[in-house]
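Letter by letter, the sequence shown follows residues 1 to 698 of the UniProt record's numbering.
Treat the hints loosely; a few may be bogus.
What the hints assert, rightly or not - Here are the simulated BS3-like cross-link-like pairs (lysine-lysine), alpha carbons at most 30 Å apart as the crow flies: (1) 67 with 97; (2) 657 with 618; (3) 382 with 63.
Claimed, not checked - So the derived label-pair ranges between C-beta atoms look like this: (4) 217 with 52: 22 to 30 Å; (5) 467 with 557: 33 to 41 Å; (6) 62 with 154: 43 to 51 Å; (7) 224 with 179: 22 to 30 Å; (8) 224 with 141: 50 to 58 Å; (9) 463 with 589: 16 to 24 Å; (10) 183 with 73: 27 to 35 Å; (11) 627 with 562: 26 to 34 Å; (12) 608 with 141: 50 to 58 Å; (13) 557 with 425: 38 to 46 Å; (14) 589 with 209: 38 to 46 Å; (15) 498 with 244: 27 to 35 Å; (16) 52 with 329: 45 to 53 Å.
Hints were generated in silico from the structure; no laboratory data involved. Note that beta-carbon positions come from the ideal geometry of N, C-alpha and C, so glycine has one too.
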Amino acid sequence: MELSEDFGDPKRGGILQSASKRVRMIFSVMASPNRIDILRILNSKGPLTYSELKSLAGFKSKKESGKFAYHLRKLLRQSLVALNKSERRYTITNLGKLVLSLARQIEERSIIESGKMYVRTSHESIEEFNSHKIIQSLVREGSLPLELAQKITEEVENRIYKFQTSYLTSSLIREMVNSVLLEQGHEDYRHKLARFGLPGYDIHEMLTNVDGIHNGVEGLLFKTGQNVFGEYLVLNTLPKDVADSHLSGDLHITNAGLWSLLPDTIFVNIKELIEEGVDLRGKFLGVTRTSSPSSLDDLFTSLSLLACLLIKEASQEVVMDGLVTVLQKYSKNLPEIEEKLASCFAKISTGPKYGKNGTLASFRISIGMEPKLVGIILQAYKKYVKSTPLPSIGLVIDYEKAKISDYSEILADVIALGGHVMFAKGLVSNKGLARGDAKNVGTTSINLESLSINMPRLAFESNKDETYFRARLALLMKPSLAAMSLRKKEISDLTRRGLNPILANNTQYMQKGSVTLVVNLIGLKEAVYGILGYENNKAGHEILAKVINTAMEVATKKGKEMGDNVIVTMTESDAASRFSSLDGEKYGKMSINNHAMGESYSEGIILDASEIIEMNPKNERIVESNYFSKILNGGLLVQLKIPDTMDSSGIKKAIEKAGDLLGSFRPIKKVPICSNCGLKEEKIAEKCSVCKSPYILA
1 MELSEDFGDP KRGGILQSAS KRVRMIFSVM ASPNRIDILR ILNSKGPLTY
51 SELKSLAGFK SKKESGKFAY HLRKLLRQSL VALNKSERRY TITNLGKLVL
101 SLARQIEERS IIESGKMYVR TSHESIEEFN SHKIIQSLVR EGSLPLELAQ
151 KITEEVENRI YKFQTSYLTS SLIREMVNSV LLEQGHEDYR HKLARFGLPG
201 YDIHEMLTNV DGIHNGVEGL LFKTGQNVFG EYLVLNTLPK DVADSHLSGD
251 LHITNAGLWS LLPDTIFVNI KELIEEGVDL RGKFLGVTRT SSPSSLDDLF
301 TSLSLLACLL IKEASQEVVM DGLVTVLQKY SKNLPEIEEK LASCFAKIST
351 GPKYGKNGTL ASFRISIGME PKLVGIILQA YKKYVKSTPL PSIGLVIDYE
401 KAKISDYSEI LADVIALGGH VMFAKGLVSN KGLARGDAKN VGTTSINLES
451 LSINMPRLAF ESNKDETYFR ARLALLMKPS LAAMSLRKKE ISDLTRRGLN
501 PILANNTQYM QKGSVTLVVN LIGLKEAVYG ILGYENNKAG HEILAKVINT
551 AMEVATKKGK EMGDNVIVTM TESDAASRFS SLDGEKYGKM SINNHAMGES
601 YSEGIILDAS EIIEMNPKNE RIVESNYFSK ILNGGLLVQL KIPDTMDSSG
651 IKKAIEKAGD LLGSFRPIKK VPICSNCGLK EEKIAEKCSV CKSPYILA
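Build the full structure now, drawing on both the sequences and the hints.
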């Protein structure tokens, strides 16, 4: 037969014998766990030097050098590993990868054939099922008494052995343990043992709808992590009554995933940080320490780096003082400062972001000092805003010792372009939030402000009884402030351990400087003027003032008990839309629409820019705004709404007049932006004038 003739061919037989010998040699290589480990390390780590590979493979003593060399030589001879002689690094070959894959398949098949139960663990390994590990986990993680842990484990083990499966997963075992705990009435233990994460369907949906994710992969990872930490906060960290109040809509926690990790707003003087430098203690890759600048280029390099790093350590806003003072040294080079500062702003904008909008970086500028330098800073900011579709940098203009009219023309242009500008006499953020320790301007100040209270909800449940309404407010504030104080301790502990290195360096682990707890009142005007039934007149203002005073009295008293500084504010929050939506579901949308003063509940006070030009100091709206700004120790956000039809000259008149009438205000103007090419239009149109895209954001 042809086959016998073929096999009888001496050359053919020699080839087969050679191949057979090669296979036997490869199998002999696979027989050693040490050699398989070396292949696994090279496969996962990539090219490694001799000493790196030796250390990772566990051959650390000098006595084991010969043993390691023997195993590596075997792998080289069979072409499973190759040496790049020019780089002196070892790599796994394609044949080595094939052998490694075969070894993995043999290992898994042997496990299945053994008939034993194995677990795919969360730390990427396969281990034989051991019920003692469940007992250990129950005692260590859930604080169960040993006897109860043994009882629960016995029940879980009985259920596991009923399954016709070779593989278990650690998450499946945890689900079974939690199920048994619930069945036997141990809900508190079950909460401690809950696994936090996303179902596979939710992850699939996030990847499917990735076009809705902002900031690329960083945004995707942030959204996933925020869900995990937010769930952990509600189930494990917050007191149960506060967690229930948040979930039901009595109060709201902004950025729940960051609650225990980061402060919300930081007030900092960058002069000290830039001139003295910051030791980052090796917490950021590529950066160990910033040094004092010796040139203008060095200054802007340090400024952009520090601003980007500070943004990482606050969830909502970083207010930076001292920019004018820092630039004074280089005031002879004003044109160069303008160009480099605009570029610096752009670099800061490309820094890290938490969520869609990210953390706002605000520079506080006192227009009462160094007129030429202030003008250059405003020109640089205008240039930045003009070239940036959605600015993530803002200005806080302090006009306490100067008139807005000195710079109103350029500020009007900036506002018309969509810049974030807050006007204030004093120390406030871009959101109108007061700095908690106005006396210690030179130190870093931290505000924890993520908690907002649903005032209309309290009013709905008070049966139009104003006294009962204020009593319910006091009852809700006390446990909420206790939770805020606990949050302060958790952030302080994580900062001390290195999570927020600049904050740790500049506040001596939050012992130096100050931390202020902030309570935000959302929808107070709807609660008093609408639901409780009072008119927007002197009598209604008195009731509103009584409510604010009640909140401040509770804040002061509870703050003294806890040893914390507590302030009350009325400013913007994502709570406003959530509260109105939840209340619409609970009480009926018609009922909410009858009381709400817009699409969502009120956040501070809104004034119309076209009307303010004709107002005088005795105008009812002006008197109301100034009165509440005065009695609220945490600040009041007064928004100056700019009509779409108002041009820069109209904005100029409006902000000049507002500066004469108000202590603080923030102009708001909708600027049409093409979502395709980023062009800023002067007026809202159906299509972009350049790329003709119909997707216009306003």
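Against the structure, the hints:
no.: 1; hint: 67 with 97; result: holds, 23 Å
no.: 2; hint: 657 with 618; result: holds, 14 Å
no.: 3; hint: 382 with 63; result: violated, 68 Å
no.: 4; hint: 217 with 52: 22 to 30 Å; result: holds, 28 Å
no.: 5; hint: 467 with 557: 33 to 41 Å; result: violated, 18 Å
no.: 6; hint: 62 with 154: 43 to 51 Å; result: holds, 50 Å
no.: 7; hint: 224 with 179: 22 to 30 Å; result: holds, 26 Å
no.: 8; hint: 224 with 141: 50 to 58 Å; result: violated, 23 Å
no.: 9; hint: 463 with 589: 16 to 24 Å; result: holds, 21 Å
no.: 10; hint: 183 with 73: 27 to 35 Å; result: violated, 59 Å
no.: 11; hint: 627 with 562: 26 to 34 Å; result: holds, 29 Å
no.: 12; hint: 608 with 141: 50 to 58 Å; result: holds, 57 Å
no.: 13; hint: 557 with 425: 38 to 46 Å; result: violated, 29 Å
no.: 14; hint: 589 with 209: 38 to 46 Å; result: violated, 27 Å
no.: 15; hint: 498 with 244: 27 to 35 Å; result: holds, 33 Å
no.: 16; hint: 52 with 329: 45 to 53 Å; result: holds, 47 Å
Hint compliance for this structure: hints 3, 5, 8, 10, 13, 14 are broken, all remaining hints hold.
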